[in-house]
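Residue numbers (the numbering used here), protein chains in the order written: chain S, 1 to 345; chain D, 1 to 291; chain E, 1 to 232.
None of these hints come from the bench; they were simulated from the model. Where a beta carbon is used, it is the ideal one built from N, C-alpha and C, also for glycine. Mixed in with the good hints, there may be bad ones.
Claimed, not checked - If you want a taste of the chain D side facing chain E, the calculated C-beta under 7 Å gives, among others:
{"#": "1", "residue": "Arg131"}
{"#": "2", "residue": "Leu132"}
{"#": "3", "residue": "Gly166"}
{"#": "4", "residue": "Ala171"}
{"#": "5", "residue": "Thr180"}
{"#": "6", "residue": "Asp185"}
Unchecked claim - Which bits of chain E does chain D cover? Going by a derived footprint, with three or more residues having C-beta under 8 Å, they are:
{"#": "7", "stretch": "60-73"}
{"#": "8", "stretch": "90-97"}
{"#": "9", "stretch": "188-200"}
{"#": "10", "stretch": "210-223"}
Claimed, not checked - Far from chain S by the CB rule (all over 10 Å, computed), these chain D residues:
{"#": "11", "residue": "Arg89"}
{"#": "12", "residue": "Gly123"}
{"#": "13", "residue": "Leu159"}
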Amino acid sequence: MSGPTVVMGTRASRRAAILGLASVALLATVPAWGSAGMMRFLVEVLTLLALAQMWNLLAGYAGLVSIGQQAFIGLGAYGLFVLTDLALLPAVLPVVGVGLLGAAVSLAVSPLVFRLAGGYFAIGTWVVAEVIRLVVLNTPQVGGGTGVTVQALVAMPAAERQALTYWLALMVGIGSIVVVALIMRSRLGLALSGLRDSEVAARSLGVDIFRAKLFIFLIAGVGCAVAGAVIYMQLLRIQPNAAFGIDWTARMMFVVIIGGVGRIEGPIVGVAAFFLLQQTLAELGTLYLVILGGVAIFVTLLAPGGLWGLITSRYPVALFGIQRRLLLGPARPIEATPANPGGSP
Amino acid sequence: MEWVNAVLQGALLGGVYALLATGLSLVFGVMRIVNLAQGDLTILAAFVAVSVVQLTGLGPIEALALVVPLMMGLGYVLQRGLLDHSLGRGVLPPVLVTFGLAIVIQNLLLSIYTADTRGLNAGAIETDSIRLSPEIAIGVLPLLTLIVAVAILVGLQLLLSRTGLGRALRATSDDAQTATLMGIDDRRMFAIAMAIALGTVAVAGVFLGIRTSFGPVDGPARLIFAFEAVIIGGLGSLWGTLIGGIMLGVAQGIGNQLGPAYPVLAGHLLFLLVLAFRPQGLFARRQERQS
Amino acid sequence: MTLLAVEQVSSYYGDLQALHQVSIEVPEGETVAIIGANGAGKSTLLGMIAGLVRARSGAVTFDGRRIDNLASHERVRLGVSLVPEGRRVFPSLTVEENLLVGSHSKRRGTWDLEAVTELFPILGQLARRSAAVLSGGEQQALAIGRALMAQPRLLLLDEVSLGLAPVVVSQLYRALPRISEAGATVLLVEQNIDRALAASDRVYCLLKGRIVLAGRPQDLTRQHITSVYFGI
């Protein structure tokens with residue numbers, strides 16, 4: 001007997017996996033042959049990819065529109081400074097440490113911000129980020145308003161530091177994709193897709209929505225903190241207003257919106273589009289940002305699936321086997337009687 | 001005595017925060033949109049006032065006669081032309097669209113007016129004060145600000161409770177689809193609500209601009225104050241909003257006494273305390289935050 | 001004279017077809033009932049006439065004028081008012097305010113606060129109360145009164161009896177003749193066959209989105225109706 005079966009992989013997704021592994025392998029060899037400038041650029045790309053994946057996880061999958069993720073980037077930056085320069089930990093350990101810091105802070109603030117829904121949740125997370133910024137700004141031990149430089153990293157041989165930063169960025173960038181893919185393949189992912197369709201329906205299926213959302217918020221906090229630490233391993237100079245700036249979140253949002261909200265491929269396409277736009281329009285200065293905002297608005301209104309949505313509407317492909325598709329067995333009529341079509345429209 | 005003064009100054013400022021909060025909660029109440037661009041629209045109103053003052057030679061308070069209708073018109077057009085299209089597709093589109101709008105406005109202001117801070121000069125009224133005792137004096141301008149704010153809130157309250165338009169707005173807020181069965185054009189109501197909100201916010205923007213200098217990037221702070229006053233006061237009541245605004249102002253006044261770094265932080269902390277211990281707000285009439 | 005003509009209308013919910021080429025006619029001054037089981041498409045049909053649901057094909061003509069491209073608030077201005085399923089009174093408004101909102105379209109006519117409270121005296125007694133605290137029957141009276149305030153030429157009533165005690169339903173139905181006398185044509189949707197037959201001059205029966213029976217109550221046998229009602 002052949003009933004309906006649920007499949008997740010597609011032929012395209014298996015091909016994409018091979019292609020993906022090949023490009024990861026290629027990226028891994030860059031320190032051996034790439035220039036310093038190329039590595040710097042790739043660190044920017046990979047960390048932004050990680051941030052965008054985290055924001056997509058929050059907003060696209062869990063419906064948590066945070067505009068306060070810069071809190072975790074700043075915490076990652078300052079955590080890096082504290083653990084490297086003050087606690088004198090060797091280079092990789094601080095990055096692990098800021099991950100734990102991100103987890104702790106997201107757990108600590110979640111009872112507050114989770115009391116707010118939708119757009120008010122967004123501003124609530126923003127206020128939390130502002131509070132952390134102001135506290136850091138008024139803490140002379142971490143440089144107050146002028147900020148700090150991570151001296152231990154400055155003292156490192158440049159080539160060594162660059163290679164280390166690059167490796168970490170590669171791990172963070174690829175890791176973010178792997179984490180999102182694993183989450184979406186898990187039971188939690190199924191719960192989240194249900195949540196996106198209807199919170200009431202998901203709840204009636206016994207999904208603990210609060211815990212699912214909390215878990216996502218936690219993962220995103222860790223991801224953004226780690227990415228923040230790696231970003232500042234490259235920048236070295238940490239200033240509170242920049243590290244806790246809303247620009248970080250604006251950038252993540254832009255990448256996700258233009259790439260495709262709620263699709264794992266979205267941030268990848270979005271990052272490519274973002275850097276392409278930056279290369280071509282950056283000399284316009286503030287007008288460039290006006291254009292970015294305008295593009296985000298019009299994509300949201302006119303092409304809510306983003307670039308990836310436009311691509312897949314023409315060529316139905318899924319690069320990651322995380323969508324569940326129902327394959328119906330032969331000769332199985334489906335009763336298409338609606339539950340209540342005469343109900344209130 | 002310094003402390004009494006600080007509390008008093010803060011309380012007087014509360015009226016402006018209440019106006020900002022009213023803009024936010026009116027739009028949320030009718031359209032279920034949290035307008036993330038409201039802070040930048042507040043700053044935009046102040047810059048429009050700068051230009052009106054330059055072009056006409058009017059004082060900033062007189063300039064309101066032009067700024068308010070302009071902002072109301074902008075609100076109407078924004079709602080009809082842009083924000084309407086983000087409705088009915090879940091939580092995400094309105095948030096993304098208003099955030100994108102915030103970025104557009106902020107950077108347009110930067111490219112038109114540069115990053116320099118500006119001020120609005122209302123003349124002698126800024127320094128006049130009424131002495132209550134040898135140590136305590138109330139500035140005429142802050143007092144006027146509070147009176148104007150309260151007058152606007154009373155006006156809005158009357159509009160909503162006594163007029164046909166107010167009833168139609170409240171009906172739309174309750175159930176927009178059923179409102180259309182009464183012959184109410186819900187989209188028009190949305191646009192009117194946005195116009196009223198931006199008119200209200202414009203008054204606050206200009207008075208804040210007279211009080212302190214401002215720059216194109218100060219919008220987010222204005223948005224956060226509005227939001228904090230809404231949450232502190234509780235949704236659903238204009239008077240709760242006024243108390244929320246005044247409490248926020250008082251917290252900032254007290255913070256200011258502690259040091260120049262603390263007024264904003266003190267306001268944030270009051271907000272977080274309310275959120276932690278009384279999330280429905282101090283004066284909530286009914287629970288509707290979990291939209 | 002025909003006040004409302006629905007011709008060959010099809011309507012969908014997503015991919016599901018809710019109405020299949022439905023045609024009905026409502027003569028001016030008559031009371032017409034649409035009966036059918038749960039899910040037959042009755043509410044969809046009323047919603048489509050009121051403008052809440054879009055028709056994918058077909059035409060809706062009111063007083064000789066095509067109205068299927070008008071928004072629901074524009075149809076109210078022409079004199080089409082729907083009392084929606086589930087009553088949907090405005091909970092944050094008082095009873096009186098609910099009624100006044102009904103007159104938003106400013107059409108001229110005989111219904112005002114006085115006439116409506118004379119029809120449903122309970123609404124006069126509860127005028128200052130919040131509509132949210134009313135009982136189901138009181139809310140239904142308010143919903144009907146609110147629709148009358150728009151001076152409808154065509155009043156659409158969706159499942160007036162839903163969830164109400166029979167005695168309350170009888171009270172509400174007793175108001176129908178007076179509504180007709182005041183000049184309104186009534187199109188009502190009802191699951192209760194006896195109520196529908198007693199109140200109407202003409203009956204349509206819907207089954208799975210199709211009209212399967214039409215006629216005057218006196219010409220139809222009970223057995224015939226029951227068989228088409230359940231599609232047996």
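Structure-based check of each hint:
{"no.": "1", "hint": "Arg131", "result": "violated, 45 Å"}
{"no.": "2", "hint": "Leu132", "result": "violated, 41 Å"}
{"no.": "3", "hint": "Gly166", "result": "violated, 9 Å"}
{"no.": "4", "hint": "Ala171", "result": "holds, 5 Å"}
{"no.": "5", "hint": "Thr180", "result": "holds, 4 Å"}
{"no.": "6", "hint": "Asp185", "result": "holds, 5 Å"}
{"no.": "7", "hint": "60-73", "result": "holds (count 3)"}
{"no.": "8", "hint": "90-97", "result": "holds (count 5)"}
{"no.": "9", "hint": "188-200", "result": "violated (count 0)"}
{"no.": "10", "hint": "210-223", "result": "violated (count 0)"}
{"no.": "11", "hint": "Arg89", "result": "violated, 7 Å"}
{"no.": "12", "hint": "Gly123", "result": "holds, 33 Å"}
{"no.": "13", "hint": "Leu159", "result": "holds, 25 Å"}
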